[in-house]
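K.L.:
Residues per chain, in single letters:
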Amino acid sequence: MRDAVARFVQDGDTVVIEGFTHLICFAAGHEIIRQGRRDLTLARLTPDLIYDQMIAAGCARKLVFSWAGNPGVGSLHAFRRAVERKSAGTLEIEEYSHFGMVARFSAGAARLPFWPLRNYMGTDLPTVNPRIQSVTCPYTGEALATVPALNPDVTIVHAQRADRAGNTQMWGLVGVQKEAAFASERVIVVVEELVEEQVIRSDPNRTVIPGFIVSAVVAEPWGAHPSYAQGYYDRDNDFYVAWESISRDADKLARYLDEFVYGVPDRAGYLKKQPGLAARLKANERLSQGVNYGF
Amino acid sequence: MAAVAARELRDGEVVFVGIGLPNLACNLARATHAPNLVLIYESGAVGAVPERLPVSIGDPALVTGSLMVCGMADVFQLFLQNGRIEVGFLGGAQVDRYGNINTTMIGTYERPAVRLPGSGGAAEIAVHAQRTLIVAKLNPRAFPERVDFVTSPGQRCGARSRRELGMPGAGPVKVITDKGVLEADAATGEMVLAALYPDVTADDLQAGVGWPLARRERLGAVTPPTETELRVLREVLDPRKLYLKA
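Just so you know, the protein sequences line up as chains B and C, in that order.
If you read the first sequence in the working numbering, its first letter stands for residue 1225, the second for the next number, and so on.
If you read the second sequence in the working numbering, its first letter stands for residue 5, the second for the next number, and so on.
Hints may contain errors.
SDA-like mimics (lysine to any residue), calculated; alpha carbons at most 20 Å apart, straight line [as the list claims (entries may be wrong)]:
no.: 1; chain 1: B; residue 1: 1310; chain 2: C; residue 2: 117
no.: 2; chain 1: C; residue 1: 141; chain 2: B; residue 2: 1298
no.: 3; chain 1: C; residue 1: 245; chain 2: B; residue 2: 1445
no.: 4; chain 1: B; residue 1: 1506; chain 2: C; residue 2: 65
no.: 5; chain 1: C; residue 1: 141; chain 2: C; residue 2: 198
no.: 6; chain 1: C; residue 1: 245; chain 2: C; residue 2: 224
no.: 7; chain 1: B; residue 1: 1310; chain 2: C; residue 2: 113
no.: 8; chain 1: C; residue 1: 249; chain 2: B; residue 2: 1298
no.: 9; chain 1: B; residue 1: 1310; chain 2: C; residue 2: 114
no.: 10; chain 1: C; residue 1: 245; chain 2: B; residue 2: 1468
no.: 11; chain 1: C; residue 1: 183; chain 2: C; residue 2: 248
no.: 12; chain 1: B; residue 1: 1310; chain 2: C; residue 2: 118
no.: 13; chain 1: C; residue 1: 245; chain 2: B; residue 2: 1298
no.: 14; chain 1: B; residue 1: 1476; chain 2: B; residue 2: 1492
no.: 15; chain 1: B; residue 1: 1286; chain 2: C; residue 2: 116
no.: 16; chain 1: C; residue 1: 245; chain 2: B; residue 2: 1461
no.: 17; chain 1: B; residue 1: 1286; chain 2: C; residue 2: 115
no.: 18; chain 1: B; residue 1: 1506; chain 2: C; residue 2: 57
no.: 19; chain 1: B; residue 1: 1506; chain 2: C; residue 2: 55
no.: 20; chain 1: B; residue 1: 1497; chain 2: B; residue 2: 1445
no.: 21; chain 1: B; residue 1: 1310; chain 2: C; residue 2: 110
no.: 22; chain 1: C; residue 1: 245; chain 2: B; residue 2: 1506
no.: 23; chain 1: C; residue 1: 249; chain 2: B; residue 2: 1297
Since the hints were derived computationally from the structure, they do not count as laboratory data.
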């Protein structure tokens, strides 16, 4: 992880760590914080706790997003302090809806300059975000909203498994990771397990990202915690609840980063500090029925 | 509120489910009168049958045993924009006279007094769902005449109707509150008082709303939750009282 971040994440980059609740790569976010990256444009549908931590750590110049809360709990307080101008420094924001962000990644992945969508009529979003525009359909004359392509410098995707070449398989909620990866100049894949190529080839429909668009593969078990990996470990809802009081107090948040990010060398160190995780969160078994790929 | 919202759902309908009370309402409907309700979550779970109450909209229990899991590009393009969603649920910090919803910020955008999470999928649900139901607790600050920011469009924007603006869905048809139900008036687009909970007066409703509340000629009476509804809510769906209070 250290090498992958050192080599592929640079100051000033547009960085996407995607994953909708599921498979959010906290391990990569923590490594970016440890390496002191600055002036990043952080883009993601749901900034979640990981971007709240990266904003608090001073990594971000700008945030591009569509829903900035702590799901089912409340606020991202480092984000709020920055936007409500209650903390030092400035954080520029560029705001869409989920559909808008998904469309931005779709355009980026297809290497088109924009994506049309039937949306945003009657809302105030275009008045605060001039990048939401409209176009007249050449076939029907209908006015459609448009959003610009999003082509990140680097996208980081967490997944259940990949082979050494980066052929990556995931299951459960897959969010917008495929589009984000294809839209990106560089892709880092972080997985729970490295597997043999034969495992990938035995179930090709489950592959979301092909190895030839991947820059680096990192094996990092429990790398998504406190997010989750379907079939490996559950979401640490207790930590998401605890984040409310940690992030509400800037000093308490700083102490959290000191202990769990700066105070450990890597993810193994982070896990060593929390020995009860597996007993509390390890997934139970619900196997799928296999299919016949024969011909 | 959860029981009243659940009764709005018809068996077999396709519902876009939000977290919190809407999620309770949908699962209550599924456990009582609407076993064939199709629950779609914006996270990509289609036909979800959660075995535990999901804390977040991306809970792993939404995936286990569901009919389909798809990417979010499919959720918004193939389901929502395609017109396949019959009912959408929305809530918000502010709901105004015309059912416009604000989940973005209180104050001014450049320097908000309170920054809220933003749209998520709410803006497009409000545009595309065939009808939307708003669930919100009454309070004059939460129900101002005009919201500070329109995140999700209601029945009128400026003076323009949804049809003039080209929105496919019917928009918010009802606002389910903790004291009664408001409905969109077909002619004016205004949210008007339509039904009262037991032991609640029209004045009680007016006290929680920041505009002069018009009312239907004949007000409906909302039946209190049945024993079955209460038992399912309290013992099966939310025994830890994550969303049910008091």
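K.L.:
Would you pick out the hints that fail for this structure and give their numbers low to high?
P.N.:
Of the numbered hints, 3, 6, 14 and 22 do not hold.
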